[in-house]
Amino acid sequence: MFIIDDILLRQLGITIPGLSLVWTLEQIRDFAYKELYNPEKIKNKIKENRLLFEFGELTSGEYEKNNAKLLQELKLAERGTEMNLSVRTDILRAR
Amino acid sequence: MNEESGRYVYCIIKSPGEKKSFGNIGFGGQEVYTLEYRDFAPVVSNAAVKKYEASDEEVELHRKVVEQVMKEHSVLPVSYGMAFKNKKLLLIAMSVGYKAMKKAMNEVDNRVELGVKLFLPKENATWDGKEKCRSVFLDALKKKAVQSKELKLFSERLILNTSFLIDRDKINDFSGEVEQLGNKYQDIKIQYSGPWPPYNFVDIQILSRKRGGFR
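Those sequence lines, one after another, are chains Z and R.
For the first sequence, the working numbering gives the first residue as 1, with consecutive numbering after it.
For the second sequence, the working numbering gives the first residue as 1, with consecutive numbering after it.
Okay, chain R solo, but in the shape it has when bound (with noise of 0.2 angstroms):
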């Protein structure tokens, strides 16, 4: 299989309208561009269909055009490692998948995700107001959400790992609040980053190999 037939896709927005070039940013220097399928647009480079590996540097270009493509659109996040053999297949996907990305996107439009993580520091891991403080930050933060998600606790010190779907035009209200709380529990280490694509707010598995979608 060669380059010229694959695609990989980075993600998928709304269409619009025409093909829209977002520059040689892909995988291999390739130009990432849209497709089009009825009112939705799978953003693509042209790849060849391998293993994709995990490695740190090919994952972070992954990510990179995403967020170029989130500064104009609102996108629908694919998981990395995404390659059809041709455009045909992938097409064919995009119209298995068509309802839930319709679902997906009414969901996600003109919103974004942002992740609050909140860190023990290290001389005071066993500090025991950490269930109060959890969930003062989480009841606050969560009346200026639409939506939020619970990540896991992956460290003992670790005591809220949650993402937040926020309004784009609510980003600087959430901010506040996130600053607010800081300045209430100062002894706290705290993470705020994004704004992310939608990533935990988004789970569309048809164009994957899972639940019988195809490549």
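For reference, chain Z alone in the conformation it holds in the complex (with noise of 0.2 angstroms):
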């Protein structure tokens, strides 16, 4: 109900300071979400991590740990996207 009358508050032009507060903050979780959940950044880690490993600033192991992490967001962030949930992987995650 909560959301349905923030909508219908919203298309009368009427803004309660309160719920326009919890707006805000839902905007900035949902930008953190997608910057956490974009595949092209993600794939850039996952670049950065090998040319890492590549030039021996970090060990084998750490590459391993780091790599298997990545493809997991990777794989994360590419369901994600396919299901249009770009906001809610957070969801897919817990799983």
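Source of the hints: derived by calculation from the structure; they are not laboratory data.
For each residue, glycine too, the CB sits at the ideal point set by N, CA and C.
Hints should not be assumed to be uniformly reliable.
[Unchecked claim] Among chain R residues calculated to face chain Z with C-beta under 10 angstroms, some are: (1) F27; (2) D56; (3) F119; (4) K122; (5) R157; (6) Q191.
[Said to hold, decoys possible] Taking lysine to aspartate or glutamate and the EDC-like style, the derived pairs with C-alpha atoms no more than 20 angstroms apart in a straight line are: (7) Z:K43 <-> R:E53; (8) R:K51 <-> Z:E82; (9) Z:K45 <-> R:E150; (10) Z:K43 <-> R:E72; (11) Z:K47 <-> R:E156; (12) Z:K45 <-> R:E156; (13) Z:K43 <-> R:D173; (14) Z:K43 <-> R:E58; (15) R:K184 <-> R:D173; (16) R:K189 <-> Z:E48; (17) R:K122 <-> Z:D30; (18) R:K130 <-> Z:E48; (19) Z:K69 <-> R:E150.
Dock chain one against chain two, each of which comes alone in its own frame, and use the hints as you go.
Here's what the structure looks like:
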């Protein structure tokens, strides 16, 4: 009910200070999720991780550990994109 | 669809005139061999048509086969995961892509790809000379190359990521130039790699699902 009320009020051009703050916080959180689950950014990190290993800045153990984590993140991000759940990928992660 | 009728394509070479085998180095230990289409020969192995997962081992196997073929032939690389239901469909795709392949082969025949990456050291990641350094490398190396392609800078510490297409007989000359530039910029980390198949200089989509190609 809260969401419907909020949307209705917005359509009527009415904002309530408390609700607006919640809305702003939700926008910030959604932006953060989009950044976190952006497949392109994760792919860049995968390549950077590989390069750091090749330049000897990471041990093979560190490389493997980071790589496994990043591949998992990529899988989630791609699933999120496929399912058009960009801002709700945290649900998948919990499974 | 069984393994006998499907064909997995690794790369395309100029026809050697008769069937050529590269040994049992393909997926599932299958023989890698050539088929004929006019003056081209797709390098294939018999394989089931399935979704090829991009696992490290399988991509590595594809890459190794292409590198093996490349030792003796100029190759048109084909992207990983390209399998056809049968020989006939593959040959139809070859006929559709023939003109593009002919053009691409003219570009890359007797040439290889070499990669150069310049990486800032950890302790100097905000160095203000990086633009200058980048252009010094690019200007000098472009002069030794037939073509170059700037690739994505996927890290903030990466200041140059470029592939160069080089005549096979000029590889040593190019390597010498990279070494000299490296001596000039001793603090920069350099990754010089190759020779690779000309992945960044051949863009034939006809064998893929993109742009209406078939499988």
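Comparing the hints with the structure gives:
Checking F27 of chain R against chain Z: minimum C-beta separation of about 21 angstroms lies over 10 angstroms; hint violated. A cut of 10 angstroms between beta carbons decides the hint on D56 of chain R: the least distance to chain Z is about 9 angstroms, and the hint holds. Hint on F119 of chain R holds. Least Cβ distance to chain Z is approximately 6 angstroms, under the 10 angstroms limit. Because the beta carbon of K122 of chain R sits about 7 angstroms from the nearest beta carbon in chain Z, less than 10 angstroms, this interface hint is met.
Checking R157 of chain R against chain Z: minimum C-beta separation of about 8 angstroms stays under 10 angstroms; hint holds. The interface hint given for Q191 of chain R holds, since its Cβ lies 6 angstroms from the closest Cβ of chain Z, which is under the 10 angstroms cut-off. The hinted pair formed by K43 of chain Z and E53 of chain R meets the criterion: a straight-line CA distance of about 16 angstroms does not exceed 20 angstroms. At most 20 angstroms may separate the alpha-carbon atoms for a hinted pair to count; K51 of chain R and E82 of chain Z meet this at roughly 17 angstroms.
A distance of roughly 19 angstroms separates the Cα atoms of K45 of chain Z and E150 of chain R; the hinted pair therefore holds under the 20 angstroms criterion. With a C-alpha separation of about 33 angstroms, the suggested pair K43 of chain Z and E72 of chain R falls outside the 20 angstroms cut-off, and the hint is violated. A distance of roughly 12 angstroms separates the Cα atoms of K47 of chain Z and E156 of chain R; the hinted pair therefore holds under the 20 angstroms criterion. Taking the CA atoms of K45 of chain Z and E156 of chain R, the gap is near 11 angstroms; set against the 20 angstroms cutoff, the hint holds.
Our distance criterion of 20 angstroms between C-alpha atoms is broken by K43 of chain Z and D173 of chain R, whose separation comes to about 34 angstroms. Between K43 of chain Z and E58 of chain R the alpha-carbon distance is near 19 angstroms, which keeps this suggested pair within the 20 angstroms criterion. Our distance criterion of 20 angstroms between C-alpha atoms is met by K184 of chain R and D173 of chain R, whose separation comes to about 17 angstroms. Our distance criterion of 20 angstroms between C-alpha atoms is met by K189 of chain R and E48 of chain Z, whose separation comes to about 14 angstroms.
Taken as a hint, the K122 of chain R and D30 of chain Z pair is broken in the structure, with Cα atoms around 32 angstroms apart against an allowance of 20 angstroms. For the hint linking K130 of chain R to E48 of chain Z, the alpha-carbon distance of about 18 angstroms falls within 20 angstroms, and the restraint holds. For the hint linking K69 of chain Z to E150 of chain R, the alpha-carbon distance of about 29 angstroms lies beyond 20 angstroms, and the restraint is violated.
Checked against the numbered hints listed earlier, the structure breaks hints 1, 10, 13, 17 and 19; every other hint is satisfied.
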